[in-house]
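Enquirer: Chains as they are written, first to last, in my numbering: chain Y, 1 to 363; chain U, 1 to 363; chain L, 1 to 363; chain D, 1 to 363.
There's no promise every hint is true.
Note that the list lumps identical chains together, so a pair holds whenever it fits in one copy or between two copies.
Okay, derived cross-link-like pairs now, BS3-like style, lysine-lysine, Cα gap no bigger than 27 angstroms in a straight line [as the list claims (entries may be wrong)]:
| id | residue 1 | residue 2 |
| --- | --- | --- |
| 1 | K270 | K198 |
| 2 | K64 | K167 |
| 3 | K197 | K64 |
| 4 | K255 | K166 |
| 5 | K64 | K212 |
| 6 | K97 | K270 |
| 7 | K355 | K212 |
| 8 | K197 | K303 |
| 9 | K255 | K167 |
| 10 | K355 | K47 |
| 11 | K309 | K358 |
| 12 | K198 | K64 |
| 13 | K358 | K255 |
| 14 | K355 | K197 |
| 15 | K167 | K192 |
| 16 | K212 | K198 |
| 17 | K270 | K303 |
| 18 | K255 | K97 |
| 19 | K47 | K197 |
| 20 | K197 | K255 |
| 21 | K358 | K192 |
| 22 | K358 | K97 |
| 23 | K47 | K64 |
| 24 | K270 | K255 |
By construction, these hints were calculated from the structure, which means they are not laboratory data.
4 protein chains.
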Amino acid sequence: MGGNTWGRLFRVTTFGESHGRALGAVIDGCPPGLTLNEAYIQEELEKRRPGKALGETPRKEKDKVEILSGVFEGFTTGTPIALVIYNMDVSSSAYEKIREVFRPGHGDFTYYIKYGGFRDYRGGGRSSGRETVARVAAGAVAKRILEEYHIEVTAYTIALGGIEAKKRNLEIIYQNHLFCPDLEAYQKMCEKIEEVKKEGDSLGGVVEVLVKGVPAGLGEPVFDKLEADLGKALLSIGAVKGFEIGEGFRASYLKGSENNDPISSEGFLKNSAGGVLAGISTGQDLIMRVAVKPIPSIRKPQKTINLHKEEVEISIEGRHDISAIPRIVPVISAMVRIVLADHLLRQLSNLAFQKRLKFPEFF
Amino acid sequence: MGGNTWGRLFRVTTFGESHGRALGAVIDGCPPGLTLNEAYIQEELEKRRPGKALGETPRKEKDKVEILSGVFEGFTTGTPIALVIYNMDVSSSAYEKIREVFRPGHGDFTYYIKYGGFRDYRGGGRSSGRETVARVAAGAVAKRILEEYHIEVTAYTIALGGIEAKKRNLEIIYQNHLFCPDLEAYQKMCEKIEEVKKEGDSLGGVVEVLVKGVPAGLGEPVFDKLEADLGKALLSIGAVKGFEIGEGFRASYLKGSENNDPISSEGFLKNSAGGVLAGISTGQDLIMRVAVKPIPSIRKPQKTINLHKEEVEISIEGRHDISAIPRIVPVISAMVRIVLADHLLRQLSNLAFQKRLKFPEFF
Amino acid sequence: MGGNTWGRLFRVTTFGESHGRALGAVIDGCPPGLTLNEAYIQEELEKRRPGKALGETPRKEKDKVEILSGVFEGFTTGTPIALVIYNMDVSSSAYEKIREVFRPGHGDFTYYIKYGGFRDYRGGGRSSGRETVARVAAGAVAKRILEEYHIEVTAYTIALGGIEAKKRNLEIIYQNHLFCPDLEAYQKMCEKIEEVKKEGDSLGGVVEVLVKGVPAGLGEPVFDKLEADLGKALLSIGAVKGFEIGEGFRASYLKGSENNDPISSEGFLKNSAGGVLAGISTGQDLIMRVAVKPIPSIRKPQKTINLHKEEVEISIEGRHDISAIPRIVPVISAMVRIVLADHLLRQLSNLAFQKRLKFPEFF
Amino acid sequence: MGGNTWGRLFRVTTFGESHGRALGAVIDGCPPGLTLNEAYIQEELEKRRPGKALGETPRKEKDKVEILSGVFEGFTTGTPIALVIYNMDVSSSAYEKIREVFRPGHGDFTYYIKYGGFRDYRGGGRSSGRETVARVAAGAVAKRILEEYHIEVTAYTIALGGIEAKKRNLEIIYQNHLFCPDLEAYQKMCEKIEEVKKEGDSLGGVVEVLVKGVPAGLGEPVFDKLEADLGKALLSIGAVKGFEIGEGFRASYLKGSENNDPISSEGFLKNSAGGVLAGISTGQDLIMRVAVKPIPSIRKPQKTINLHKEEVEISIEGRHDISAIPRIVPVISAMVRIVLADHLLRQLSNLAFQKRLKFPEFF
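This is chain Y alone, in the form it adopts within the complex (with noise of 0.2 angstroms):
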């Protein structure tokens, strides 16, 4: 049991159900000082609410956050950060006719073996992505601490239904709901997703980020490699079935000389590390990607069983995604800071012992 919380110093603890009275999250060991309000972080949940565009469902959530302890005056005071977000205007009706049914791809099946029959079956209960609001909320924090040390966390669709983006334009990505650097690509994305949409099926795709101004010394030896963190932290997102750094599965293909990063007196002169060495951060950018998985909710009707082992087909209608992009973006964008502003504070204690830092005198 447990395996709802995030991390060593930086700790985040989520908690809600998709139709249930609220998500959120609880942020243990933020530091005090900070300037924090509800409007910051209101902002970067904007960023997965559905847009107008095509592709995401038009359910409008009010996402609406609301931050009850541990900023004062506009400051973070270093104590437990809980935000919330209530669930409003949730019809779960809809639900009641999949109570009993296991949904293909979805998490029915194993919260119900896992747990005994007691889940919340409505809307995929805690397995559904909605959970991922309290992630994008604790991630907010998260990008507070990183700003203080100027480190920039972008994520960005390479990939969508097998169309693959040529260019890395990042100026662009917020221009169009995709969040896809190459505009071209874009295009033909949008009107894949509009061909699958009529079929009544979904589309994966692959994004991938780029992190700016880490410092060389994130990371630690052994388990808590940071590409390992990183790894763990992307693939705990519902639709992520793959992970890769640097060159990745490439750097399988690679030899030695051609994967190696030669070093001269100015730095690195590549990146095929992809900004780490043993699992500590090289001071380059980290760049990674993830594979994520179609939505599992289609129209197209599929065989499945509901919990008395009967054979049954299943249609699933309603307003849902055609493709966790791009509202898996921010999501991943934010699991990337949380696991830096955790590894950031490891490392400055680290580093503080070794310059014997001072403590305050008031006496």
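For this one, chain Y is given, so just place chains U, L and D on it according to the hints.
Expert: Okay, now just chains U, L and D, sitting in the frame of chain Y:
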């Protein structure tokens, strides 16, 4: 700091440097009553020993494991199991010349920065692949736990130096020194190794892991998803740059109707998910793959710098492997076992409470 | 930083400040299938509410708990249970004058130093005794777990202001507002309270805890001994300055032959140990005591300084309790329950493996 | 299961049984650049060695510590420090007769139950006081950390067998084998020991700990209060049955005006709190006390049972200490140091962020 412990209930802490006095592991949380002895663990260690075959370093390591605690009269006692492997016949003089040089692709630079210049430079110290000997030893203990539940982990090489195995003939993987399930591919891999050896270069590859017998219900919601912990565990191995489960990156090109696994009254009809849904095992086989980068130690000259920031050329002589494969294969199995043992014990607590398991009464 | 989470398998994270928006707790690791509702938790909260009786603050707190997640149709689902208690009708203007003053015996100074001056000074913020409302709410969930195993925790006042209870008549503890098991002592305690109230001073006391029904085998060797975790849990309550189990400090004056508990074929012949041996429960009652310091907020003038290091005299007006007793009593019960629930789940994992508990099979 | 690891950032995992192959500790999270060698650790171990003086077992233990990892050329490297102490010349035949008997006051019964009958019965196995040798070794590493911040921990005996030290002459504590700060009391204690030795009985006592040089700001709110962690650490030592800080149990008899520590512009005017307020150090000395129970192994016959539930009488022969004092004294110091090292590193992270400590730049 930290980062050398894995697990919540089955906890593994490793220690040791490549050329230090010893390497080892402490396993805290192994249940009592399991048969365990040094021969059993030694057998696992032998799998990562350099053989006479191609592609492996001829250095004679004598990795003799000693059990220091936690086992009494042949049975585990529930108390911590300390395992130690002393480093023998290790000449470190060969490393004198890299004392001040950052080898490309290694952790020399990042360790130097992170730890303020204090590091055991010999053979990479803690960042050496040799660290994994402790993982394999600990993995043997995890294996004993899994055996009681008939869970079987098998890892094998499906690509090396760009040559891909087309078959999955698992019966032959222990009959060739690369753990390759395709004899034809194996032959080509061997040729490739010979060729690259002459060039003074190295090769990467891909390892696949198949787990049979996993009960449904392992893994936790949200952050400690089974695939997230598996991903972290495998990405924590030095040479691993990518991880995927089920269809993995291929899933990003599929439609929902293709990627979803339909269910019949007999069970799941296919296994694109790789044995997990919403982070929890489905009861099907687990299937995952990792990308292994080429070994960074190569004879071919490379550009780098020393710690005075002077540019130097380095050619790494000595008896180095051409690829982390095959020695990484038993390490991968070990890590998967450690993850599964931990999640098994976690879920047992949940199940036991669900069944209101009775405590033994003595009086 | 951090420090707001308790437990390994039954994990409680609390948040909230005395005069902030809300207090609450997230419980991660509560097993599924337990009945739970707000009324049940509310009942526990009522026990720490100020009554009309002597010695308690007449401030009208309306501590209404809301369950935000983890409970569905009246049953726990195994996912995190978020509990929130909004702060109502709280006027903080009374605290304006202590904004810059360090109240003796409070955390004002230490929080000021630790968090670099960023703190919610109102009513002590996070360091207020009010924080314990979240513990009591979480303790109610732990209580549900223990009920399933017939483990019963009872806490009661055995000393207040130097007056000691001579009897242990547990039947009357809910019939007097001080949870005192000795009616005669109770009367004297009430008189003492009245007397000290007039002086503008406050009182400390001693609370004893009795736990019935604890199975043998709870607790872990070495660091996580049952008494160590109980001690930590109770010493983590603001007003507690001492903890002892069994004979406790008296044991230091006994001989081995007096302190050892002989064993017969029917069981232990006495219980000087307080129900634990070598950190593990014996199956006997647990019996422990905590020292509660007098409440630091007193009307009597005290010497202190402000944050400019100027010496000032402070007289703390307002509706303050005379003693942390009785309100601390349900908090103590709550913490003991949280500790026991966690250790119960830990030992269940051990037991389940020992019995090779079968996983449910669906197909 | 588990329970053999202490700490969040400075993490100590211990292993080993009384009569097993070896005992030891792995310290994960020790910062790099500290001088450390075996002689330094050995010096701490010598403090718990049986001397020639009264009251201690004449068994010749040769506790030679070996550093297996984490130290290179005399300096810590930031990687795990493994310490091992092999058990020498240990004859276990003496324990053959207690193989099936539960010794009163020992963990024999509870271990038997908890671990389903699998246990190393020799000398108590893991539950033996000998386990603390690993704590003392680890404590020596913590001591090195504290030395850099001029934090000094001193523990000494203030009561033994009912005889209380009236003085606190700390200069003499290393001049008598009981670490007693009162020479007169020491003489009486020695007489008492002689007397009780003849009776075949044993004695308990009280140890006080004074910590000088603790900066303000150590400790975390709510659960990880400094006194809570100190209490847990000391209560985790087998013989300890009670813990108090500052006035401790005496505080329960004081009034607020007596117990509160007024503050002047020069600092706190007294230290009833024992150096902590709201769980965080005030910058004053820490002062705490623990109750040590009499050693359960006595020659005097005791009633008990064997594992077939047959009643037997047991007289524990052999060379047993009369009291856990003085050997427990360095163990207590070690645990306090381990707690403080962990909290120091935690607070350093907080402070470093508050100061926006810069990361080193290489290029």
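Enquirer: Compare the structure with each hint and give your call.
Expert: Outcome of the hint check:
no.	hint	result
1	K270 / K198	between (44 angstroms within a copy, 26 angstroms between copies)
2	K64 / K167	neither (35 angstroms within a copy, 53 angstroms between copies)
3	K197 / K64	neither (29 angstroms within a copy, 46 angstroms between copies)
4	K255 / K166	both (25 angstroms within a copy, 21 angstroms between copies)
5	K64 / K212	neither (30 angstroms within a copy, 45 angstroms between copies)
6	K97 / K270	between (55 angstroms within a copy, 25 angstroms between copies)
7	K355 / K212	both (25 angstroms within a copy, 22 angstroms between copies)
8	K197 / K303	within (20 angstroms within a copy, 52 angstroms between copies)
9	K255 / K167	both (26 angstroms within a copy, 24 angstroms between copies)
10	K355 / K47	neither (40 angstroms within a copy, 32 angstroms between copies)
11	K309 / K358	between (66 angstroms within a copy, 21 angstroms between copies)
12	K198 / K64	neither (32 angstroms within a copy, 49 angstroms between copies)
13	K358 / K255	neither (48 angstroms within a copy, 37 angstroms between copies)
14	K355 / K197	neither (58 angstroms within a copy, 45 angstroms between copies)
15	K167 / K192	within (19 angstroms within a copy, 34 angstroms between copies)
16	K212 / K198	neither (40 angstroms within a copy, 39 angstroms between copies)
17	K270 / K303	between (49 angstroms within a copy, 12 angstroms between copies)
18	K255 / K97	between (55 angstroms within a copy, 24 angstroms between copies)
19	K47 / K197	within (22 angstroms within a copy, 51 angstroms between copies)
20	K197 / K255	between (43 angstroms within a copy, 11 angstroms between copies)
21	K358 / K192	neither (59 angstroms within a copy, 47 angstroms between copies)
22	K358 / K97	neither (63 angstroms within a copy, 32 angstroms between copies)
23	K47 / K64	within (13 angstroms within a copy, 34 angstroms between copies)
24	K270 / K255	within (15 angstroms within a copy, 36 angstroms between copies)
When each numbered hint is compared with the structure, violations occur for hints 2, 3, 5, 10, 12, 13, 14, 16, 21, 22.
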